[in-house]
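Asker: Protein chains in written order, with this note's numbering: chain A, 1 to 339; chain B, 1001 to 1339.
Think of the hints as simulated: they come from the structure by calculation, not from any bench.
Virtual Cβ for every residue (Gly too), placed ideally from N, Cα, C.
You can take every hint at face value.
Pairwise CB distance ranges (calculated):
#1 1187(B) x 138(A): 33 to 39 Å
#2 67(A) x 1253(B): 35 to 41 Å
#3 1153(B) x 73(A): 30 to 36 Å
Number of protein chains: 2
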Amino acid sequence: MTRIVVDAMGSDDFPVPDVVGAVAAAREYGVEIILVGDEAKIGPVLAAQNADRLPVRVVHAPEMLTMEDKGMALVLKARRPNSKNSMAVGIDLVKNGEADAFVTAGNTGAASVTAYFRLGTIPGVDRPALAPIFPTATGSCVVTDVGANPDCKPENLLQFAIMGSIYAQKARGVASPKVGLIANGEEAGKGNELVKHTYPLLAESGLNFFGNIEAKELLGGKVDVAVTDGFTGNVLLKSSEAVAKLLMDKIKEAILTGGLLAKLGGALIKPSLKGIRQMMDPSEYGAAPLLGVNGLVFIGHGRSDALAIKNAVRVAKNAVEADVIESIRSAIEKSLQGK
Amino acid sequence: MTRIVVDAMGSDDFPVPDVVGAVAAAREYGVEIILVGDEAKIGPVLAAQNADRLPVRVVHAPEMLTMEDKGMALVLKARRPNSKNSMAVGIDLVKNGEADAFVTAGNTGAASVTAYFRLGTIPGVDRPALAPIFPTATGSCVVTDVGANPDCKPENLLQFAIMGSIYAQKARGVASPKVGLIANGEEAGKGNELVKHTYPLLAESGLNFFGNIEAKELLGGKVDVAVTDGFTGNVLLKSSEAVAKLLMDKIKEAILTGGLLAKLGGALIKPSLKGIRQMMDPSEYGAAPLLGVNGLVFIGHGRSDALAIKNAVRVAKNAVEADVIESIRSAIEKSLQGK
Chain A
1 MTRIVVDAMG SDDFPVPDVV GAVAAAREYG VEIILVGDEA KIGPVLAAQN
51 ADRLPVRVVH APEMLTMEDK GMALVLKARR PNSKNSMAVG IDLVKNGEAD
101 AFVTAGNTGA ASVTAYFRLG TIPGVDRPAL APIFPTATGS CVVTDVGANP
151 DCKPENLLQF AIMGSIYAQK ARGVASPKVG LIANGEEAGK GNELVKHTYP
201 LLAESGLNFF GNIEAKELLG GKVDVAVTDG FTGNVLLKSS EAVAKLLMDK
251 IKEAILTGGL LAKLGGALIK PSLKGIRQMM DPSEYGAAPL LGVNGLVFIG
301 HGRSDALAIK NAVRVAKNAV EADVIESIRS AIEKSLQGK
Chain B
1001 MTRIVVDAMG SDDFPVPDVV GAVAAAREYG VEIILVGDEA KIGPVLAAQN
1051 ADRLPVRVVH APEMLTMEDK GMALVLKARR PNSKNSMAVG IDLVKNGEAD
1101 AFVTAGNTGA ASVTAYFRLG TIPGVDRPAL APIFPTATGS CVVTDVGANP
1151 DCKPENLLQF AIMGSIYAQK ARGVASPKVG LIANGEEAGK GNELVKHTYP
1201 LLAESGLNFF GNIEAKELLG GKVDVAVTDG FTGNVLLKSS EAVAKLLMDK
1251 IKEAILTGGL LAKLGGALIK PSLKGIRQMM DPSEYGAAPL LGVNGLVFIG
1301 HGRSDALAIK NAVRVAKNAV EADVIESIRS AIEKSLQGK
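Okay, chain A solo, but in the shape it has when bound:
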C-alpha cells in the first residue's frame, strides 16, 4: 500500500483541512496516511473523522516551519539532523524509506529548502524545480520552474524540461509530452539570452520539443510542459492568478451593483459558471511536485482546503505508482551520458 506523509501543520488553517483531507484520501484512494505534526493539535481533529479502521497514523513533530522561516536560519533548520519541525520529520520518513511521498501546504520556500537538504538531488540534477499544473483551454499543462530558481542557466532549463516531461508522461499519462520554451515571441531566435541558448539544447534533447511559446499557446493547450526560469515562471503564475481574480471580482461587482435584472441574470448563469470556477480553483490540482530532489515532495497552496489536500494525496499516489523518481534518474543519467 502506498504510504503518503501529510504535513498536518501546513495549510493556513492547519490542522483541520490537512487532517480532514488526508483522511478522506485514505478512505477514497486506498493509501496509507502518516500525519506529521503536533499530536495534541491533530488528535481532536482526527478523532472526529471516524478514521479508526483506516490506515492513518500520527508521527509527532512538536515544531513547525512558518512563513517567517527564511534565509540562513531556514537553511540551518533544514540541515540540522535532529530538526523537530513537521516538514523535516515528514521528509525524513521518505528519506528513510518509511514512506513514499511527502505532501505539504506549508511555506513553499521552507518545504523546498528542507527537501533539498534532507533528500539531496537525484544524481546529475543541478537544481530542483517546482512544477505546478496550469489550466488551459483544452486541459492542463505542467509549468516549470515557477520560483525555486530565480536565476538559471540553459542547462538548468534543459533539466527542467526533461523532468517536466517525465512527470507529464508517467504521473499524468501524456503519451509523448510536447515541451514549449516560454519566450517573448513564437519564432525561433526570439528570447532573452537564456532562451536563445536554451533553444538548441531542447531542439537536440530528444524531447518532443514544440519550440518557443507565448502565454497564448500555453493557455491554448498547445503544449503539455512549459519551461522557463523560476523568476519568469513566478511572474507568469502570479499574473495569471491576479488577472483571473481581478476579472472575476469585477464581474461579481458589476452584477451586484447592476440592479435587479443584473442580479437575476447573475443568479441564472451561476450554475453554468461552475466549471470555470473549478478550472480556476487550485484545489482541483492538489499540489505541485518539487522535481529533482531525491524523493517525492508535493507542495500545495497555503490556502488549501480539505479537497486540495485530498487531491494532493492523489497526485502524490500517482507519482509513487508511476515510479517518477526512477524515471527521472534514468532520463537524467541518459542525458548526461550524451556529453
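Based on the hints, put chain B in the right spot on chain A.
Answerer: Relative to chain A, chain B alone:
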C-alpha cells in the same frame, strides 16, 4: 496647433481604421493630422470622411513595413536616409521638426527600430523602453519595458523607472508616481540577480519607490509605474491578455451552452459587463510610448480600430503638450550628474 503624424499603413486593417481614427481625432481634439502612407490608398478613405475643413493632410510614402520586416534587413531599412516606408517618412517629419509626434499601429519591432535609428536616444539614455498602460482595480499603471529589451542591466531598469515616472506625471497627471519593481515576492531581497541589483538603485534614485511588487499589487493599483526587463514585461503582458481572453471565452461558452436560463441570464448581465469589456479593451488606452528616443513615438496594437487610433492621437497630444521629451531629458541629465 499640435501636429501629429499618423501612419496610415499601420493597423491590420489599414488604412481604414488609421485614417478614420485620425480624422476623428482632428475633429475632436483640435490637432493637426499628417497622414503618411500610400496616397492612392488613403485618398478614397479620406474623401469619405468630410474632412475638407479639418487640418488633415497627406504625405505620400509608397512603401510600408510589415510583420515580415525584422533582423538585419529591418535595421538597414531603418537606417537608410532615403527610406520610403510610412514609418521612416513619418518619423523623419518628427525629426525635422515638421511634426510633434508619430503614431503607428504597425509592427512594434519595426517601429521601435526605425525610431531608434532615425531619432536616436535622448542624451544619456542607454535603451528606449516600450511603456503601455495596464488596467488595474483602481485605475491604471504604466508598465515598462514590455519587449524592446529582453536582456537588461540594473542601470537600464533605473532609466525605465525615471522615464516611466516622468510619463505618468507629465502625460497622465499623477502627482508623485509610485514606482514598483516587479519581482517574485514583495519583500526587499526577493528577485533574480537583476532585481536584487536594481532595488538599491531605485531606493536611492529620489523616485517615489514603493519597493518590490508582484502582479497582485500591480493589478491592485498599488503603484503608478511598474518596472521590469523587456522579457519579463512581455511575458507579463501576454499572459495577462491570454488569461483574460481565456476566461471571457470560457464564460461566453458556458452561457451559450448552458441552456435557456443561462442564455437569459447572460443577456441580463450584458449591460453591466460593459465597463469590464472597456477596461480590458486595448482601444481605450490608444498606444504605448517608446520612451527614451529623441522624439515622441506611440505604438498601438495591430488590432487597433478607429477608436484606438483616435485615443492614440489623444495620448500623443497630451505628451506633446506636457513636453515629456524635455522632462525626460532633464531628469536623465540630473540622474547622470549624481554619478
